[in-house]
Amino acid sequence: MAPHTSRRSAMRGLALLAVAPLATACSALPVLPPRPAPDAPDSAAGWVGMTPQGVIVVHAPRQEMGQGVLGALRHIVAAELDVPPEGIDLRLPASDAMPPVRATVGSESLSLFADPLAKAAAALGTELRRRAAQRLRTSPDVLRATADGFATPDGRAVRRADLAGDGPVTLDAARVREATPRPMPPSPHKLTALETRAVLHGTPAFAADLAPAGTLFGAMLRPPRLGARLIDAGAAGAATVPGFVAVARGDGWAGVVAERPGALAAALARAEPVWQSGSDWGDAALAAAVDVDARLAARGGASLPHRLRDDALDRDQPWDIDLRLDVPAAAHAAIEPRAAWASWSADRRRVEVSTGTQDAFFARAVLARRLGLAQENVVLRSCRMGGAFGGRSIPLVELEAARLAHAVAPRPVLVQWSRADEFREAFHRPPSTHRIRARLGPDGRIAAWWHAFCSGHVIFSAAAMPPWLQRSANAVSGDSGIARGAMPAYALGQARIEFAAVPLPMPTGPWRGLGAGPNAFAVEAAMDALAARAGQDPLAFRLAHLDGQPRLAACLRRAAAMAGWGRTLPPGRALGLGCAPYKEASWAATVAEVAMAPGGRPLVHGLWCAQDSGRVLDADRVRAQMEGNMVWAIGSALTERLTLQDGAVSAADFAEYRLPTLGDVPPVMETALMDPPAGMSFGNAGETAFGPSLAAIANAASRATAQRVTRLPIGA
Amino acid sequence: MNDFTVNTRPITIPTGWEAETLLDLLRFRLGLAGVRFGCGQGLCGACTVLLDGQAVRACTLPATAARGGHVLTVEGFVAAGGAPAAVLRAWSEARVAQCGFCQSGQMAQAAASLNDAPATAEAAMSTVLCRCGTAPRVRQALAQARADLAGRAS
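Protein sequences, first through last, are from chains A and B. Per this note's numbering, the first sequence runs over residues 1053 to 1768. Per this note's numbering, the second sequence runs over residues 1309 to 1462.
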């Protein structure tokens, strides 16, 4: 296998696998997410245009989940066209309004899409200017943009609305290809002001907010165990509830539709579905499945199937450190539960679905396949997401809404998942276990490094593919999501980095940063243990191994300086470090101050994070992402853990799965945004600081107690 | 006959909606989408509104429980002035919102707490969850709103 896997190469592998089965298309077959190139001119041409009334319309190639990308996209177009940002009609992706775009994942919105969007806007600007010059009988070069059109130096003007002619102004690929955007201007202060104002004032924005009057309410019957099969809906009792509308049934599923949410809940409570078989897994089975030591032992202690580094290692010499680290499954736990509303045409040939999704075009493809419709007869309209974190990258509720609405066509049906559905029906961060052994050389530097890990799937998620395809994909290529962040930035000497992926009855999939968080926790624990073994300070030890990584080293120095690294603290309280690159496009380091409360519960007293996100448009929004990642790290370090019991996820509510609250967040939380080297392009921001911050908290807790944290959450 | 008021609007609970929650009545019948469903169990706070000045969880409260009362939602914060308006200003200035889904609940809790018990307002904010991790900005905005109100009072 190649020394480095990427999601793209993994997807190529999947595309090959999918060729043969597609020849015998049936609704059970998997659908692969479309991955059009972000810079394809024929795509970008569909993003920008002008209505006959002179309104600039932007079909955003990215989804909004709180990262603030809409503000950035609006700014890019406004700056290029010299128009006021608030005058732009910016729309989230709708599958009938624009060419397919790829999923909003991986913190790559600006790095991949800023330039193509600027180019498309430049092409529109050139076209409008050409038309204006024609109208004013002058050269395009002498025109200056005004708020609503163009003007000549002698004061003659034309409005944009008068440039449209008979229809909307659209672009073609050739114009986009020829366009030259101007240098993007420096950041104005509040790029998200328009969207934020709407949200704060209660303007409908999320999927369930936008359901039209007359919408019915639907929900699926849920199995008591993962993988259980529905034998009988037992819905006779539901039909007696006032407000009951319909029971819908299909192969292996059934759902109820009612006039009002309360009536729906009452009808569901009266249903007595009969389920067969399903998982009987508990926590012990889950732990055994991802036990890396058992995997290694089963293969003679020699190797795991997927290798990122494969140097020869002398396994017979003693190791200086030998750590086993365990990371539990975790939920996305977005505060907005998944929601979608669907409405069919009266002839049931066409369905429209509105939802918050990270991938409208993947959702469309999945629905078309499952419903047996042509793609043009499925319309996906995106809504703002109330948090996503990877959880909306695979459609789930969308199909449920379409199925239930089919039964009552043409009335729209809203399916809004319950909190229990979110925990028990969704996919999650997979549990993983890590074995890291390492050896120091005579110079006190790392001479040998062996990181073996075992995890449930991430990219090859069971939420998107059946078990046979998971197995086939896994045989062809490693699941790059599991591997993310496992290649440390440090000089390691001889290194072996390898992993195994295991199918689990609990669906697992993309979760903020994919493998980067768990891998940073493991790698950084090992770095602290090695520093201790070498008798060196953890900061100095890391810096000594970062010769080729000036941007990460700079983050480390800055975070350490902000935190006052090395200062004296009372017994039971300590500072800890964590750092990591993210996708080779951003870098972060965090220092945590942790004290152990009576009872052994750690308390985070301070967090200091320095991040290099490359070029940024809105520094405050990057800082907001850093803060969010630090809070996520507190959750993963202190409380978050999903367990299995009797074949089902144990947690059903926020009492059983505790998210970090304001009381868990330290009053001292500082962020520094590093100046990137000159000429650097956009990096990423949304996931970078999570791993370093998680590692810093764990390392601080280890130092505070003089006992290494080897399991998350700490003290569990 | 009016059952209660929402912001400045007199409301009669429509026939058939007597058994629904206040949250669903507000969202799906009265068109006030700013109050949100997060868990349906009163545990996340996304559905928090003010009922006679007190923060209540609209997802577990029957609509009939609001009879005779005054409900204030985020849509009415500007007109309400006082703590609700100060909270809205502070939230905007501190750029608290990321996805924004929970923020109407955060602001309703903040407004109620600042009116009721400013000294313990920060502790009360721990009862409203935010998954984006805006807690540091919530803390900052709450302090700003409190200072703003104190400044106006003096």
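Some hints could be false.
Selected chain B positions facing chain A (Cβ under 8 Å, derived; list incomplete) [unchecked claim]:
(1) P1318
(2) I1321
(3) P1322
(4) V1382
(5) S1434
(6) V1446
(7) D1456
(8) L1457
(9) A1458
Simulated from the structure, these hints should not be mistaken for laboratory data. Note that beta-carbon positions come from the ideal geometry of N, C-alpha and C, so glycine has one too.
Verification of the supplied hints:
1. Hint status for B:P1318: violated, given a least beta-carbon distance of 19 Å to chain A, over 8 Å.
2. Hint status for B:I1321: violated, given a least beta-carbon distance of 12 Å to chain A, over 8 Å.
3. Contact between B:P1322 and chain A, as hinted, is not supported at the beta carbon level, the nearest pair being about 10 Å apart and thus beyond 8 Å.
4. The interface hint given for B:V1382 is met, as the beta carbon of that residue sits about 4 Å from the closest beta carbon of chain A, less than 8 Å.
5. Satisfaction of the interface hint for B:S1434 is found here, the shortest Cβ-Cβ separation to chain A being roughly 4 Å, below the 8 Å cut-off.
6. For B:V1446, the shortest C-beta to C-beta distance to chain A is roughly 6 Å, which falls under 8 Å, so the interface hint holds.
7. Because the beta carbon of B:D1456 sits about 16 Å from the nearest beta carbon in chain A, more than 8 Å, this interface hint is broken.
8. This hint is violated: B:L1457 has a C-beta 18 Å from the nearest C-beta of chain A, more than the 8 Å allowed.
9. Residue-level restraint check for B:A1458 is violated (minimum Cβ-Cβ distance to chain A is 20 Å; threshold 8 Å).
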